[in-house]
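For the record, the sequence lines run as chains A and B. Quick note, the first sequence lines up with residues 1 to 258 if you use full-length UniProt numbering. Quick note, the second sequence lines up with residues 1 to 258 if you use full-length UniProt numbering.
Treat the hints with care, as some may be off.
Restricting the straight-line Cα-Cα distance to at most 20 Å, the calculated cross-link-like pairs of lysine to any residue (SDA-like) are [claimed, not checked]:
no.	chain 1	residue 1	chain 2	residue 2
1	A	K223	A	L197
2	A	K233	A	L212
3	B	K127	B	F100
4	A	K223	A	T200
5	B	K127	A	R142
6	B	K127	A	L148
7	B	K223	B	D240
8	B	K127	B	R142
9	A	K127	B	R142
10	B	K233	B	Q218
11	B	K233	B	D181
12	A	K127	B	L230
13	B	K192	B	L230
14	A	K127	B	E145
15	B	K127	A	E145
16	B	K127	A	P137
17	A	K49	A	K127
18	B	K223	B	L148
19	A	K192	A	I176
20	B	K49	B	T83
21	A	K233	A	P198
22	A	K223	A	R234
23	B	K192	B	P239
24	A	K233	A	T117
25	A	K223	A	I177
26	A	K127	B	H138
27	A	K192	A	K223
28	A	K127	B	L148
29	A	K233	A	I176
30	B	K127	A	M146
31	A	K127	A	A109
32	B	K127	A	H138
33	A	K233	A	D196
Some but not every residue of chain A turned toward chain B, in silico, with C-beta under 7 Å [said to hold, decoys possible]:
no.	residue
34	G110
35	T147
36	L151
Derived by calculation from the structure, the hints in this document are not laboratory data. Virtual Cβ for every residue (Gly too), placed ideally from N, Cα, C.
Spelled out, the chains give:
Number of protein chains: 2
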Amino acid sequence: MAEASGLSPALSSAEKNPLHLQCGECPIRHRAVCARCDNEELTALENLKYYRRFEAGQPVVWSGDRMDFVASVVTGIATLTQTMEDGRRQMVGLLLPSDFVGRPGRMIAGYDVTAATDLVMCCFRRKPFEEMMATTPHVAQRLLEMTLDELDAAREWMLLLGRKTAREKIASLLAIIARRDASLNLRRASGKLMVDLPLTREEMADYLGLTLETVSRQISALKRDGVILLEGKRQILVPDFDRLLEEAGDDCDGGIPG
Amino acid sequence: MAEASGLSPALSSAEKNPLHLQCGECPIRHRAVCARCDNEELTALENLKYYRRFEAGQPVVWSGDRMDFVASVVTGIATLTQTMEDGRRQMVGLLLPSDFVGRPGRMIAGYDVTAATDLVMCCFRRKPFEEMMATTPHVAQRLLEMTLDELDAAREWMLLLGRKTAREKIASLLAIIARRDASLNLRRASGKLMVDLPLTREEMADYLGLTLETVSRQISALKRDGVILLEGKRQILVPDFDRLLEEAGDDCDGGIPG
DNA sequence: TTCCACCGTTGATCTGCGTCAAGGAAGCTT
DNA sequence: AAGCTTCCTTGACGCAGATCAACGGTGGAA
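Whenever a hint applies, use it, and build me the whole structure from the sequences.
Structure representation (structure tokens):
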């Protein structure tokens, strides 16, 4: 793993103690690997690393080589991207806090992992992780469930990539971000739903299989049509979430929790 | 689960005993769930079902409702597809022998499961499966590995859907089928690689996020350019596999095993 | 045999999105 | 302040692939 060398992280006090952001003592949220906070094997393996959002041409944190570890996002956002020789790029994973990357059992990464924001990850070396999996069955089960969730998300994503129009893709992404955002900390402004976009237009384009120009145009169009309101460039207001879902072409039932 | 009722399967002798197709005694291949053929819990739960390839408008074997089971393909091919209200369809999974569907822990299917060919599946009810998972750690681990493999495949697929041209998509699909085909039983005719397409043009289109017309045109183009030869409509000869990979835009190293 | 359903091919035309290009706004460093 | 970089927006144009349409081949049923 590439060392996050020379970083002198200027973080808020909450971010300084990511251990306590999640479930009090355990570096990994309940939703993540650890199902019991008092799991000593897990906390003993704890190994936090900082990564800065990359400036200029976003180089990767890890490229497509050895990946003999498992890592869980504590704070920040990481992206998984695949790149073709000629530079075409497709995002294939978006890791929010409590999501994980890595392959117990296999060793080669098939994608780049990049810090989309400043990022704190909790890393486990492969060997001890595997031993722990073998001796602690509930960890393997939890991991299986999370992986199946990821797979379901990937399949939704495939429908988006293969069959949705640009406008539907944008609306879908906004709905996804809004929903995940809301599941953590719901924020409403004057009865409307407030969402901020953690991604640049280019990153959205890579997520959606579009160009950044098309992303920009469609966001403008949604704004023009009153589906969303822009508050600056990276923050949107959603006056009517159901309308947004409609634009997304989602049969996916379910609004915002809370 | 929908019963495959009223089927009087007219199958070859090999297909009549799918138990013995895979690893002699166990209905599930080594690659699949069962890591030890003598696992009595597994074989005791064994529950084989036949499904016919659906004629006319392909209805689904299971639609997006309860899915309180886990099932593994023994012989044949199953597809997972998602459909939007207006009928747009995207394939999100292609299950060959030893692949599985199902959600230990969760209950709702997010996609249709369809028999693309006549199909034999080995089904486990959720409850006993979960109990077994809890008591037999190597099953959970094996399942996790398989799920991670699926996830990797899904991510390759996302690159294909989001960024590849129609020609590259077709070449990629042919390469994928050839590779999976070869990993089971390699067949070569006069030094060339012989692959038969288990999917209709429409199913390929759903796989690739294209229309069936475009699929047909691009296959014709690849044939015209000598990348492939057609032997009938559902069987192709690949004179040069590396050439095919090149057309696919794959940096994905690795030719045909064997 | 005829009829019909399904599957595949090919042509003509249309259009959504990519491509190329120019420029504006915000945040830096010097 | 000026000047840089990064991020975003908007316009003009072209093309890959969708859409609409016609037709051929094959296999099963009557």
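Holds or violated: are the alpha carbons of K192/B and L230/B at most 20 Å from each other? holds, 12 Å
Assess, step by step, whether the Cα of K192/B is no farther than 20 Å from the Cα of P239/B, and give holds or violated. Since the Cα atoms of K192/B and P239/B sit roughly 5 Å apart, the hinted pair holds (cutoff 20 Å).
Can you confirm whether the C-alpha distance between K233/A and L212/A stays at or below 20 Å? holds, 14 Å
Taking 20 Å as the top limit, are the C-alpha atoms of K233/A and D196/A close enough? holds, 9 Å
When you check the alpha-carbon spacing of K223/A and L197/A, does it fall within 20 Å? Cα-Cα ~15 Å, so holds.
For the pair we were handed, K127/B and E145/A, check the Cα-Cα distance against 20 Å. Satisfied, since the Cα-Cα distance of roughly 15 Å is no more than 20 Å.
Verify the proposed pairing of K127/B with R142/B, using a straight-line Cα cut of 20 Å. Answer holds: K127/B to R142/B is near 18 Å, not above 20 Å.
Satisfaction of hint between F100/B and K127/B, Cα-Cα up to 20 Å: holds, 17 Å
Is K233/A within 20 Å of I176/A, Cα to Cα? holds, 18 Å
Between K223/B and L148/B, is the straight-line Cα distance small enough, at 20 Å or below? violated, 35 Å
Going straight from one Cα to the other, do K127/B and P137/A come out at no more than 20 Å? Distance of about 17 Å is within 20 Å: holds.
Identify whether the interface hint at T147/A stands, where standing means a beta carbon of chain B within less than 7 Å of its own. Status holds, d = 5 Å.
Hints 12, 18, 20, counting from the list given before, are not met by this structure.
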